[in-house]
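**Q** Residue strings, one per chain:
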Amino acid sequence: MLNILKKIFFILLLSGLNLYICEYFSNKLTSRMELRRGYRINKEVSIGFPMIRFLKILSNDRKISIWTVFIFILSFLIWCAVPLSSNLVLVENDYSLIISISLYFFLVAALLFNLSESSYRKIFSENTKKLLILITFMVPVLLSIISIILINKTTSLKEIVNSQYRYWNILIQPLGFLTFFASTSLQFKLLGVSRKGYLSEGTGIGREGKGLDKVVEKISVYMIIFFLIIIMALVYLGGWQNLYVINGGIMLALKFYLIFFILLLIDRIIVRIDSYKMLVKINLRFLIPVSLVNFIVTFGFFILRDVYNLI
Amino acid sequence: MDNNNNKTYPLPGVVFREEMKSDLEFILKDKVDRITGTGFDLLIELPPENLYVVVKELKENPRLRANIFGGMNACKNNKRNFLLINLRSAYNDLSVLLKMEMQNDDIETGYIEAANILEEFYKAAAFYKRTSRIARCDFNIEIPPGILDGLDCFDINIYADEDKVKEAYIDTCVSRVLDYEFYRDMKIYNLIAIINRFDWKAGIFPELCLCSAIEKLLQLKPTKRARYIRMLLCELYRISNHIYFILNICNILQYDIAYSMCHLERERVLGLIETITGSRVAPNFIRIGGVKKNIEEETLADIRKNLPLLFENIRKIEKIMTEDFLIIERLKNIGIISKDTALEYGVTGPNLRASGARNDLRKDNDFISYGDLSFTTPVGREGDCLERVIIRFREIFQSLRLVNQIINNFPEGDYIKKINLPHLEFQPGAISQDIECPHGIFKIYMEVGEKDIDSLVIKGPSMNSLILGGEIIKGESLEDIDLILMSLDISPGEIMNTQYKTEY
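Chains as they are written, first to last, in our numbering: chain Z, 1 to 311; chain C, 312 to 815.
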């Protein structure tokens, strides 16, 4: 029991610390980029800024809905089956990948339900559209994950990481990694992690964009991105495998921050994609076909290897 | 000193205007009180009851064909109250101002009646009609000001079927309310100092328009150096305004890298403006007969040094924007304005040129001293949002070349003609002045007594763009509304509350 509490404490500590660091660097990059004279964030960006912003948003009293509670629980529950090291996992399970992905789906669905209570119809329609587009971006993620499961013949994240002791999965599944990464970066853009009005555009208008539910929404948005990055690092980039003398935990942290910064920079150089035209152009004509080709090739390989024993 | 400077100000197209005036007098002889020439326009004074007949004649007479509705303004002061309607023709450069004098109490009803009459001939006049709030209950989306970044001067009520806009109603009730007599008891130099508030994106143009009008009344031509300084400032403000436009488009597209680069370049241009005028947004620099202060050689050298940098950096922004397929896909084929529609709604400036009409006052009327410079007017074809962005880029490069020409041919001499401003005396009369500002044609109509200004009507081009914006968003999807409205370059300073419009 004490061991589980210890693990919960560690996971909470790690996610909280990451939230703080990532929010700080996101703001730092914004202030670096917006060099115009007298811009407010230039003065406010300091090590304590995320805390100030958190308190500022929280200071506005607002009733919360049941979906906000679900979102809050789910955004931490999403880590229950994800191993952060060989020991640091709450629920050791053979189906940890499937459980994690399902929880991620539930979290997005809960976000969608939470947004439908928005009073401004334009904001409501824009945000629900964003999340619906985000759900279609899950299709390439799913296809890539299925390909990985077929290659490794397991749904346990721990075993997938352990199977990469010789070479990482990115070498076997480059197309799968490409679609997963592209999908993650587009989800990053859609959720608007690095923007002030991240999910709802109309921040500061009426009651939108303030209060406890906004804090919870922000945490959940970060957790979705953290989750995708960690899954990417575990599934494709060797997870906590040691590299020569460098410790596995440090390697995982390095991979995590490297991917986060690349996503943060990509976020600055692509335009918003929350329109159906863009959905057709990017997802339906590029990402889904590529991931489908990858899946079919992998599936063919799987049949030849495991059913007919030809390879 | 150059002998040319002492000549009287030549009125452009005088011969044509005299001919048109005699034609109008013949056609409308018993329907109007008086027809006079006021600078750029012909002023037709008529009784309110003859408005229908006169407008019908102006619209349908094959000799006149006044098919463009410029706008409608009410003017109230302690001496006279009148309505001013601007009609233009796309075929023969006819531009008329219909003036209807009314009693103080009648002006509200007169305004509404005139809007009802004009609606029969011009679609754009429907905007000025009175609309009751109860009739607008059908709209299912209300976009308050503030959601659309940078467009805080109106709210939009939309009836949308799923994702498509079926009906749209733009309400300017949240925009600023201007006192009818804001110029009363005000000295002319004070008026010059505050008139730049009418266009806070490019404040030099209202000042220039007012000063040019007064100079025309006084038959005073500024010195060549003053004219070149004015042109230099006009072009710098035009660049600044167009960069601001692109910056806003990038902001809506969430294209942060180009957004930041635009900020840096605008900062560079505003820095140059600051070194010349001492101010960034409200210059207060143009004076009657010249400008406030001279430009030093060091300042010119500074501008010369910055021009290649500006050119290079803006070329870079253009390249990253026009080579990004995501931006092209997002901007292409939305908010299409055909040439005829743009002309019909009285849109001017780059928005009109993007639709394919070659219309530039700098080129057509030899405005200030643009005749000395060699340049071509960039014209687009498609008339969609992408074309409007591209035409701004082309105008920036054109302005940079113009600045280069101005600096290279910068004349010596006085920067102002000294006049006795406190004891200025005018010949009583009316004058109208047009100017090509970055959003379109900025117009001032002024009536002067012997010592001061009696009536002043100011009309910016953004109102026409806004009226058209309400039309072209119909049929577009909800996600494109902000992009379409932003691509029309609406300056909130020019949008003023028409108080008779909404019934509460």
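Careful, some of the hints might be misleading.
[Claimed, not checked] Using 25 Å as the maximum straight-line C-alpha spacing, the simulated BS3-like pairs for lysine-lysine come out as follows:
(1) LYS332/C with LYS129/Z
(2) LYS367/C with LYS277/Z
(3) LYS650/C with LYS627/C
(4) LYS477/C with LYS129/Z
(5) LYS129/Z with LYS218/Z
(6) LYS650/C with LYS616/C
What the hints contain is simulated information worked out from the structure, not anything from laboratory work.
**Q** Need the list of violated hint numbers for this structure, in ascending order.
**A** 1, 2, 3 and 6
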